[in-house]
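Participant: Now for the letters of each chain:
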Amino acid sequence: MNSKSSTDAPIVHVENVAKCYSKWSLRGNRRVHALKGISLEAARGEVFGLLGPNGAGKTTLVKVLLGVVRPTSGKASVFGRVAGSKFARSKIGYLPETLRVDRHHTARSALRFYGRLSTMSTQQIDKRSDELLELVGLQGRDREPLKRFSKGMNQRLGLAQALIHDPDLLVLDEPTDGLDPVGRSEVRKVIERLSAAGKTIFLNSHILQEVEVVCTRVAVLANGEIRGSGTIADLAGKQDADVVLVDVCFDDEGAAKQFIEGASESHPDLALALDPNGSPRGTHRLVGKVNQQHSVDQIVDLVRAGGVSITRLDVKRPSLEDTFMKLVGKATREGSGS
Amino acid sequence: MKPYLAIIRDSFHAALSSRVLWIAFVAIWLVLAALAPFGYQEDLTADFRGARDLENRSRLRGLLAQGLKDPELADTAVGRLAAAMPEKIAEELADVSEGGETTLRTSEYADALNKCLDDESWYDKEAWASTLRLAELRELDELPDGELDESMRRRRARLRIEAAMPGVFATRSAKSITLTYAGFDFPAELAVDKTRFVGIINQLVVPLIIDWLLGFILIFLGILVTASMIPDMLQPGSLHLLLSKPVSRSMLLISKFIGGCAFVFLCVIQLVVGLYLVAGLRLDIWNARLLWCIPVSVFLFSVFYSVSVLAGMRWRSPILAIGVTTMFGGICFVVGIIGGVFDGFVTGPARIKSIAVVGDVTFASTQGSGLIRFDKDSNEWVEIFGSDAISMDRIIPPVVIDDDTIFTARTKGGRMNPFGSGSADLLVLSADNAWEPEPSLSLPPATVRLYKAADSLLTLSGSNLNQTDIAGVLAAAGEESAGESREEKTPQTPDLTGGLLGRLSSMLGVAPTGFTSVLPRGMAVAPPRVLILSASERELYLLSRARLLRLVRSEDGRSWTQAAEYELEGDPSIAGVIAVSDAVVMVSRAEQPIELFDSKTLEPIAQVDLSDRLLPTSVVGLGESRFMLLTSDGRCRLVIPGVDVENAFILSEQVGPTNVEAIAFHAEQNLVYVAHHTDQVDLLNADDFSEQGAISPSLSVWRRVDKYVIGPLRFVIPQTGELGETIGSIVSGKSAITMRDASGEEQVVRYDILRPVFSCSLFIGVMLMINCIYFGTRDY
Chain A
1 MNSKSSTDAP
11 IVHVENVAKC
21 YSKWSLRGNR
31 RVHALKGISL
41 EAARGEVFGL
51 LGPNGAGKTT
61 LVKVLLGVVR
71 PTSGKASVFG
81 RVAGSKFARS
91 KIGYLPETLR
101 VDRHHTARSA
111 LRFYGRLSTM
121 STQQIDKRSD
131 ELLELVGLQG
141 RDREPLKRFS
151 KGMNQRLGLA
161 QALIHDPDLL
171 VLDEPTDGLD
181 PVGRSEVRKV
191 IERLSAAGKT
201 IFLNSHILQE
211 VEVVCTRVAV
221 LANGEIRGSG
231 TIADLAGKQD
241 ADVVLVDVCF
251 DDEGAAKQFI
261 EGASESHPDL
271 ALALDPNGSP
281 RGTHRLVGKV
291 NQQHSVDQIV
301 DLVRAGGVSI
311 TRLDVKRPSL
321 EDTFMKLVGK
331 ATREGSGS
Chain B
1 MKPYLAIIRD
11 SFHAALSSRV
21 LWIAFVAIWL
31 VLAALAPFGY
41 QEDLTADFRG
51 ARDLENRSRL
61 RGLLAQGLKD
71 PELADTAVGR
81 LAAAMPEKIA
91 EELADVSEGG
101 ETTLRTSEYA
111 DALNKCLDDE
121 SWYDKEAWAS
131 TLRLAELREL
141 DELPDGELDE
151 SMRRRRARLR
161 IEAAMPGVFA
171 TRSAKSITLT
181 YAGFDFPAEL
191 AVDKTRFVGI
201 INQLVVPLII
211 DWLLGFILIF
221 LGILVTASMI
231 PDMLQPGSLH
241 LLLSKPVSRS
251 MLLISKFIGG
261 CAFVFLCVIQ
271 LVVGLYLVAG
281 LRLDIWNARL
291 LWCIPVSVFL
301 FSVFYSVSVL
311 AGMRWRSPIL
321 AIGVTTMFGG
331 ICFVVGIIGG
341 VFDGFVTGPA
351 RIKSIAVVGD
361 VTFASTQGSG
371 LIRFDKDSNE
381 WVEIFGSDAI
391 SMDRIIPPVV
401 IDDDTIFTAR
411 TKGGRMNPFG
421 SGSADLLVLS
431 ADNAWEPEPS
441 LSLPPATVRL
451 YKAADSLLTL
461 SGSNLNQTDI
471 AGVLAAAGEE
481 SAGESREEKT
491 PQTPDLTGGL
501 LGRLSSMLGV
511 APTGFTSVLP
521 RGMAVAPPRV
531 LILSASEREL
541 YLLSRARLLR
551 LVRSEDGRSW
561 TQAAEYELEG
571 DPSIAGVIAV
581 SDAVVMVSRA
591 EQPIELFDSK
601 TLEPIAQVDL
611 SDRLLPTSVV
621 GLGESRFMLL
631 TSDGRCRLVI
641 PGVDVENAFI
651 LSEQVGPTNV
661 EAIAFHAEQN
671 LVYVAHHTDQ
681 VDLLNADDFS
691 EQGAISPSLS
701 VWRRVDKYVI
711 GPLRFVIPQT
721 GELGETIGSI
731 VSGKSAITMR
741 DASGEEQVVR
751 YDILRPVFSC
761 SLFIGVMLMI
771 NCIYFGTRDY
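Chains as they are written, first to last, in my numbering: chain A, 1 to 338; chain B, 1 to 780.
Treat the hints with caution; some may be incorrect.
In silico DSBU-like cross-links for lysine-lysine, where the CA-CA straight-line distance does not exceed 35 Å [as the list claims (entries may be wrong)]:
| hint | chain 1 | residue 1 | chain 2 | residue 2 |
| --- | --- | --- | --- | --- |
| 1 | A | K189 | B | K2 |
| 2 | A | K75 | B | K2 |
| 3 | A | K91 | A | K36 |
| 4 | A | K127 | B | K2 |
| 5 | B | K175 | B | K600 |
| 6 | A | K75 | A | K23 |
| 7 | B | K2 | A | K91 |
| 8 | A | K91 | A | K189 |
| 9 | A | K189 | A | K86 |
| 10 | B | K2 | A | K151 |
| 11 | A | K147 | B | K2 |
| 12 | B | K353 | B | K175 |
| 13 | A | K36 | A | K75 |
| 14 | A | K86 | B | K2 |
| 15 | B | K353 | B | K412 |
Residues from chain A shown here face chain B by an in silico Cβ test under 8 Å; the list is partial [what the hints assert, rightly or not]:
| hint | residue |
| --- | --- |
| 16 | L66 |
| 17 | V68 |
| 18 | V69 |
| 19 | S90 |
| 20 | P96 |
| 21 | T98 |
| 22 | H104 |
| 23 | T119 |
Derived from the structure by calculation, the hints contain no laboratory data. Beta carbons: idealized from backbone N, C-alpha and C, even for Gly.
Using the sequences plus the hints, can you model the full thing?
Facilitator: This is the structure we're talking about:
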């Protein structure tokens, strides 16, 4: 029973965490609320994405999880222990956004150094280094000084050092930053593989497509608050209905307007309208909002009942970017309004 | 510990990859390469080197003139030497003895004597038989000429000249060192033997090099290089990664701190090991203590680095870290200077040099040539002569005559040379006269010490020992005893005031009116020398140039005759201290075991080991064959007979206070007066050394400022400059350095070893604590 509950327990648990920075200057004490009572959870094996514009509080939240910053109020725990405790840190592999490894290192010596910081033995480090260097594609270049490394190679090394002690939780801050498309794809594969191996991944990224592809759950942060969290589908569903685009052939503009007026009266829930952005030559584009397949069928029936030909029909689901922009836009408006 | 060792090791790697480190390495190698060609040659001391060797020039002229003019002296050693002088000198000697001015320079006398070293036609065995010959000369005289090489022959000639004219020449070691550079001789030879040479290298040269190269240049370079370490670590990409690892913040910072010292350590280890090897291979000085400079230098660096770390953490800027650290260095320097000024002008001159106790009144002479009397009513030292840092005068340590009289003297300009700038008057201080100094007889020239011997007063003047009646001195000062007329008490001395004899006598340092020379004919008390009288005041023990003599006063009290003699081993130029306690005479010299002798026969009784670190400063006999020895570490120890074993003595642990300046024993009171901490005096029972009283004078305004402002300031702000003394002490293995001033007086300058170490350690500890708290509680 216990083992089950410990397996089900969230790996990352953040409850009402607030962080307020005080800056003292001659002009007085200035307080900045970086986090305003945030709560979230990440379960074992989950790839949790943290999204938000610059200054939203993402980095502060990551720092709270690493113990670099102490929360002003609230609780944050990792593996059931206080975030920042030695035990918690020993279970975390962290890849910072801008990794800075001393120039005197080679990839191998850097891995040795970080391995030792994680209390690994030399044999363990050597064995693990070989595996990881191959995993991140740095084998054969492991004895070159780091000053010869490109940004992408540095990033790969960063990923390798984050994995050196085989952590159960990976905190990745912009892991694909500086990587070419091939490199990005490789990192994605690594993340998927780790996730499949039961590791929990906490991903902080600006690249929404990447998050969309790899994350099982996301949280959108803005102005120090969580604006939405859950699976990507959940987030999208909560925010908006699907959009139906129908390209039809009316005889003239008047017929099109007449059709819209009639449809609005008979089916106001479909919110049918002519697309203000125009349509392909010789057609008119109708735009409607639907929540279910039945509504799509109703639109088709309405158009066909009017004897109008359908040249194309497309049902568009809102993307993460749309959802993000909406959430963040709302937050920004609220923020500016307040 | 593994993660922290990894951080330290990583810092070493970082340091080794630094270009600046390699530039420093090359600079160090160049310095060592420049020092490596130094070498030395050791030879027997023969040539006279001008004014430095001819210490008492007027006595030289006087003796030579006497030898030249007095037909009775023609066949004596001095007569033969005088006859061998070149014409130019002979003319001047004749001229001088008739009242003319001296025109020839000392170097010309030295040249003339040096010529005598090559041509020994002046030597006559019989003539020299009556001279006092050093053991070295006696040994050389016994060797056949064929067995002597040139340098030994010249050395023998020099010793013969010295024996012929005692009291003229400065004491020089038997061997001299000539420095060489890449095989070329330096023009001047050092008139020191190998032991002294090693001492000079260890006590002066190496600490100087270490002070400058390690204490200043390398520290500054180290600060420049390491200033960026902490700001670099605080870069987000580096710090957050480090802090995400399971390491403690405090330990991370301390590891980084230790790692930061890696740079200096790597440089220092090369420089010090290099110096050690150069000194060993080239100068034969294998001094492993030199290697202690490595940790001391890193320790010194860590003082500054702790400031650099705090500034680096606060502002995350290497430039600001360097700036703040340099400012801190400046503050240390300024506080050090202020402290030095206070030491030199406030506490230094007030330090007690000798104590004299008259009844219940305590007198003391001070380092600043002052004479002070303790006034119980006001609880302060009353100045009879003020202590002054820049005073050129010399106070002769006061001597107790009776229960209400002391004698002393003040030689104007006496610190510049033993003669001062004129003859000094004996000063009589008596209770009846409210301790006001009353001038009495003129002292013989170059008088440095006074001794009371029953009803006579002895003066150690130059190389002479003169005597006068105390009653005569008192009479001359107007302190006539009831019923005694001044004329009756004035001692009868030959009229030396006029004529050839008078002139020569004056040049020979013979006493003016009222004094008679009491040494046996041909004997001179050549420096380094020290005298002590027995409790009965009828026996006199004299240690001069490693010869221990016992002189006994004649029944009429007019002369002293030699009763026993013992020649000590070791370099005769080493000074010592002497004391007598019942039937035992104790002699202690630097780097020699304490030696104890039978007071009658001067046969050695026992030896007691004394650490080479400790230089004997003063010793008093406490009766019952016990002695109290004051050493250069400012501590007193007892030399007492062993409990069960006959003729065995032991050295006790420290007794009494620390920072002792001077000691004196008052037999009647059975009290030892121990002056300590500048001008405080503890009165210790001479049996159990329990404190029977104390003199704790109230402080003057400046002394208060020193105690309550400067002292704490010097404690709080680490005195890094003083670590140079610690290095000097460690390298030389001594607790003090002996300096001989212009008047020939030896001064022991105590190394302050523990204060800078303690204050620097405390500072580093506090700074590290602040750094750890700052780093541990801050959000990054």
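Participant: If a hint holds in the structure, say so; if it does not, say that too.
Facilitator: Tested hints:
no. : hint            : verdict
1   : A:K189 x B:K2   : holds (33 Å)
2   : A:K75 x B:K2    : holds (31 Å)
3   : A:K91 x A:K36   : holds (27 Å)
4   : A:K127 x B:K2   : holds (18 Å)
5   : B:K175 x B:K600 : holds (34 Å)
6   : A:K75 x A:K23   : holds (23 Å)
7   : B:K2 x A:K91    : holds (18 Å)
8   : A:K91 x A:K189  : holds (22 Å)
9   : A:K189 x A:K86  : holds (30 Å)
10  : B:K2 x A:K151   : holds (30 Å)
11  : A:K147 x B:K2   : holds (27 Å)
12  : B:K353 x B:K175 : holds (33 Å)
13  : A:K36 x A:K75   : holds (13 Å)
14  : A:K86 x B:K2    : holds (15 Å)
15  : B:K353 x B:K412 : holds (18 Å)
16  : L66             : holds (5 Å)
17  : V68             : holds (5 Å)
18  : V69             : holds (4 Å)
19  : S90             : holds (4 Å)
20  : P96             : holds (5 Å)
21  : T98             : holds (4 Å)
22  : H104            : holds (4 Å)
23  : T119            : holds (6 Å)
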